[in-house]
Each structure stands twice: as C-alpha cells, then as structure tokens.
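Take a look at the letters that make up each chain.
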Amino acid sequence: MSEDLVEDLPEPDLALVYTIEALLFLAPDPLSAQELADATEAEEMAVIASLATLAERYAPGRSGIHLRELGGGFTFASDPETEDAARRLFSRPRASALTPAQAETLAIVAYLQPVSRPEITRIRGVSADSAASTLLERGLVEESGRSQFGAVLYRTTTQFLKLFGLRSIDELPDVAQWDPSPEEQAELRERLLRAGEARAGGDPPGVE
Amino acid sequence: MSEDLVEDLPEPDLALVYTIEALLFLAPDPLSAQELADATEAEEMAVIASLATLAERYAPGRSGIHLRELGGGFTFASDPETEDAARRLFSRPRASALTPAQAETLAIVAYLQPVSRPEITRIRGVSADSAASTLLERGLVEESGRSQFGAVLYRTTTQFLKLFGLRSIDELPDVAQWDPSPEEQAELRERLLRAGEARAGGDPPGVE
Amino acid sequence: MTLPALDLDLEIFSGPFDLLLALVLREEVDLLELELADVVLAYLDHLEGRGELDLETATEFIVLIAALLELKSRLMLAEDDEELLDIEPGEAAEELLERMLQARRYRSASTHLLELFAREAGVRFRGAPLPARLRKSIVPAGEGSQDPAVLGQAMGRLLRMPPTISLRHISTQRVTVAERLHHLRGLLRRGRFSFEEAVRGEDRMTVAVTVFALLELYKRGEAHWEQHESFGDIAVHAVAAAAPLRASAG
Chain A
1 MSEDLVEDLP
11 EPDLALVYTI
21 EALLFLAPDP
31 LSAQELADAT
41 EAEEMAVIAS
51 LATLAERYAP
61 GRSGIHLREL
71 GGGFTFASDP
81 ETEDAARRLF
91 SRPRASALTP
101 AQAETLAIVA
111 YLQPVSRPEI
121 TRIRGVSADS
131 AASTLLERGL
141 VEESGRSQFG
151 AVLYRTTTQF
161 LKLFGLRSID
171 ELPDVAQWDP
181 SPEEQAELRE
191 RLLRAGEARA
201 GGDPPGVE
Chain B
209 MSEDLVEDLP
219 EPDLALVYTI
229 EALLFLAPDP
239 LSAQELADAT
249 EAEEMAVIAS
259 LATLAERYAP
269 GRSGIHLREL
279 GGGFTFASDP
289 ETEDAARRLF
299 SRPRASALTP
309 AQAETLAIVA
319 YLQPVSRPEI
329 TRIRGVSADS
339 AASTLLERGL
349 VEESGRSQFG
359 AVLYRTTTQF
369 LKLFGLRSID
379 ELPDVAQWDP
389 SPEEQAELRE
399 RLLRAGEARA
409 GGDPPGVE
Chain C
417 MTLPALDLDL
427 EIFSGPFDLL
437 LALVLREEVD
447 LLELELADVV
457 LAYLDHLEGR
467 GELDLETATE
477 FIVLIAALLE
487 LKSRLMLAED
497 DEELLDIEPG
507 EAAEELLERM
517 LQARRYRSAS
527 THLLELFARE
537 AGVRFRGAPL
547 PARLRKSIVP
557 AGEGSQDPAV
567 LGQAMGRLLR
577 MPPTISLRHI
587 STQRVTVAER
597 LHHLRGLLRR
607 GRFSFEEAVR
617 GEDRMTVAVT
627 VFALLELYKR
637 GEAHWEQHES
647 FGDIAVHAVA
657 AAAPLRASAG
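Each protein sequence line maps, in turn, to chains A, B and C. Numbering-wise, this note's numbering puts 174 at position 174 of the first sequence, and it's gapless, one number per residue. Just add 208 to the spot in the second sequence (first one is 1) and you have this note's numbering. Just add 416 to the spot in the third sequence (first one is 1) and you have this note's numbering.
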C-alpha cells in the first residue's frame, strides 16, 4: 500500500472493512482491489481505503497476521516471528530449501518466461529436467503452452511470487546488474580468443 | 470463551497473543488451549489469557473474522454477514477454464480413450500428472480399468460431454482441420506417439 | 568451490584443475595434446575419493569440461574443412563467452532469489479449504460453455512434428535404435514382415541400426526370426504375448 494512496482517502465504511477482512481471510490466493470491489459491490476507492485501514491493523508489531501486497493482490500472511511455534504445531518447515540447480532453473524461468526446457538446458549447460520437475511439483512454475517447435513453455506462478515476497515479476532487479564489468568481459574475451586462435596458427591440428 | 475464564487472568504477553493469532490463522482446524500451549511453549493459563484478548479483538461488530470456540478448540471463522460477498467472489466462473496442459491432456483422453497416464506422458513429451489429477478432480475424466500392463486407463465423463455441449464422443470435431500434415495416413494414436517421442528427444538447441 | 582441489596427474600436465584451465586459456598447454577423457577420469576418481557428490562443483566441472571439449573439437577440424565449419574461431570464442556470461548471469540471479526466499522463510499463508457452505456456492461452469475446438486445436499442436535438425555438416546420419524399434513394432502389428521390406531404400547406417533394433525385439521376446540361407531375406514373426521365449534365430 503506497503512502500517497493512504492520504486523502475517504473515511472507510466499517462494514466494508470487515467484509474485505473476511474475504482476504477466506481466499487461497491474493485478491486485487478490483476483485474485492466486484465481490463487495463497492467503489474501488472505498476498497483501497478499507485496505489502508486493514494494513494499519495488520501491521508488524500490532498483530501476528500481516496484510501483504503479493502476487498481484492483497493477502494475509503470518508474522515470521511466529514461525518457531508454527513449525512445532504443524511439525514441518514452511517450505524446504531450494537446491542450487532448482534456484538456477527458477531464475531462468523468472527472467525469460515463457521459456522452454531445452532453452533452460542450453543456458545452464546441463540438463534441467529434474530441477524443472521439482519446481512444477512445488507449484513454483507451471506450463504456459508450447513453443512453435512443440516444446512445453514454463512460467512462474502466483505461488512463486507469494513465497518470494514479490508483488509482481517486475520487482525482480534487472538481470544485467550481475554481468561482469566491461573490463572483466574484455579480459575474458581476449583469453578465449587466444585459445581459439591456436587453431589458425601452426600446423593443421590433429593432422600429422 | 466463557466469561468466568476472562476474569482474573494474567496480563497477556503481546508476543504470545500474536503467535496464537498467527497459529489460529494458519490452522485449518480448531486448536485446543493445550495444543496452543505446546506449540508456543507457554503456560496454559497464559494461552487462555491470550485467547481472551483475541476474543475481544475478533468479536462480532469489531472484525470480519471471529474467534469461535468449536468442538473443544478455538478457530477463526468469517463473519456470516460477509457471506454474500464471499459467494460473489468464489462463484465467479473461472476466467480461463482449462490450462494448456489440461486442454492437451483432456484432448488426448477424449480422442484416444481409453488411454493410460504413461501414454499421455509419451504423447505430451512431459509429465501430465498434475493436469490429469485436476481433470479427475473436476470430474471431466475418470478411471476405466487397467491396461494389460497394469496402468490405470482414463476416459471422459458425462460431465465432460455436458461441459463441451456434446451429445456423444462421436461429436468431437474432426482433427483434420487442425492437422499440420493431413496427408499422413497413419493412425492418430501412432502419429501422436511419434510426434511426442520426437519432442521428448529435445528441440535443437538455440532454435527457441 | 572445491574444483581447485582436483589434482590431475596427466601425461602433459600435473597439478590442480583450475591451473590447467588457466594454462589452456593462456595457450601454455596445447588443448590438442590434452586427453580430456583423462581429466574426466581423474575427476571421477576424485569424486570417489571424497565419497560424496557436491552438485554445485559437479555442475561447474561439467560446464567447464564441456566448454573445453567444444573448443577442442573445433580445433581438431582440419583447415580445409572450412565449409563444414560455419563458425570462425573468433566467433566460437564469442559464443563461448556469451554462454559463460549467460550462465553466470542466471547463477547470480538465483543467488538473489535464494536471498528473497530466505528473507521470507518464516512467512506462512493460510491453506485452509473454504468452509463447506461456501464451497457449495461454487457453481460449475455452464453446460456447453466450452468449445470443443479447443480439443481439436490441442490435437493439432500435439501432431506437429518438431523440425528435423539439419545435420548436413555431420557426415553420419543420426538414426537411433529407438526410432527403428518403433518402425519395426509398427510392422510387427501385422504379425510378420520381411527384413528386406523393413529397410527398403534405407542407407547402410540405418540398415545396421535396424539389425540392432531387431536384436532388441528378440531380446525382449517380442519377435523371432528365420533366415533360410546366408544373406537371404529374414522373416520376422511377432511372438504372442504369453508365448515363452524361443531361441529360433538362424
């Protein structure tokens, strides 16, 4: 909820606040202001005002439940401080860790979606089949049709956005920021080129 | 929460109140004071004091979520007054009825029935397990015995015919109009398997 | 990263793997004289010695060794085969560089994702199903609301064969046993066929692979065959599903 929206909002109607509170509690997936407005038959501005009221009530330090804007909508989530008790109660961790192969595959899908398995394999340099299957099973990626050559394409899911604390995929930083500096790239290129040029000079390789 | 319990309770610890709030929010079923005490590693009296605080906060007229005592445990439930909105929210027809994976899986079952899951996977080139489970859940396909190798076979249901407005399976559209190579004479099943195996062999790298 | 810990003792080089890599890139070790298979074997010994597989290191090793293999295979092409080589050495290096950068880019991105994941580690969401009375209100989509054409289109997509890979630059044809098995099984549905007709018009490689496929069918008890004279036609019969395996190859 951005600050400028919170200002100058109409005084929220308590019945609407409570209804939205109940809908967010019931819904398995994040709800957009538009969806909430349709369900409550209220103006979107009134919905946004109600969400601002709820954001204050369900704020860190004020409740064990937090209102979060995630995966293209609003949803309630537990305060991470309560995780120890939750783990004892449900006797399992919230989500098992990702292996490096799964994380890499997920990063490629997140940035290049929709992307096919062969393309992921090409970028990683090793097969991504087992990692991709696990990500599918865990609901972090899903199929999104086929490429013109018939390969299944993958994209990330709302579940992915929820578990990674993202409002939308656009919140991911520009991938180019991790590229090496131009100097480093130039040095790498030169080293590779020199190795490649070995072929051009000297005897035809492999021929006695 | 009975009134006599609320009297003479210790001042509740806010961290404990928030933790119990989070646990009640997460749990699908009612939790007893004992279960909450075990999970939070707190005294049962302190848990009961926290529940009393929460009962005040989540009371009718103060929130769209109510704390209720049910079957010897405590649980959050949505305010019945919000149910009209909930019905509007959840009864909206789903925007895109079938995902691409589901449409493919359903088409394979519809045209080739009875057909086994491994065969569906071979034709698709990737696993169809999640799509097949969803179709089963939605009542569009059902089991129809086992193949000679023991694999479960699937066929479409009456519900499927209704949903697609078909009187019988013979009314399925002729594939010919979407057939990329209609000149091929081989049987549909055989051609699908061949194409599926070619796809599973992998796209040429770099052509995506 | 433990790749530097991999010590090699090869004919032309002895020392840690990362040093070898650096030397190859600086051309101080001739890639053409380097037996990459020995490097792989040394790595396998190294793995066995450690008793555990570190996937991250293994991945890195595979990427590096694959890059070296590709570079070496390009080096090994004789110069007068120029038309077979559609990539210049410079381009090869560019391509390799691009690939390394890309792999590195997404590896870094994955680190960022893991940080986000860890940051959110204690956050849980409610997964409880809807109360029964609300579930009942979910009306199923109306009758006839779905277009059967969706199914026909899906079939059309599934019938599409992926484009065949151009193998002009490779002299051997790529024929797999699996393809020939499929072909033979198709013929076998009729009960019997002659080998002659199974390979009519095919090149020698395909014929050879078809023989392998036939052996495979025999091994699996799906077919047996008879050949009445040397170099004569082979008659192949389907074996009934329940029939015991019979050695009847001639």
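Hints were generated in silico from the structure; no laboratory data involved. Don't be surprised by glycine CBs; every beta carbon is placed ideally from N, CA and C. Incorrect hints may appear among the rest.
Claimed, not checked - Heads up, incomplete: computed chain A residues facing chain C, CB under 8 Å, no partners named: (1) Y58; (2) G72; (3) T75; (4) P80; (5) D129; (6) L153.
Each hint tested on the structure:
1. Y58: violated (13 Å)
2. G72: violated (15 Å)
3. T75: Holds - the Cβ of A/T75 comes within 8 Å of chain C, reaching about 7 Å at its closest.
4. P80: A/P80 check passes; min Cβ-Cβ to chain C is 3 Å, inside 8 Å.
5. D129: violated (14 Å)
6. L153: violated (12 Å)
In this structure, the earlier hints numbered 1, 2, 5, 6 are contradicted, and the remaining ones agree with it.
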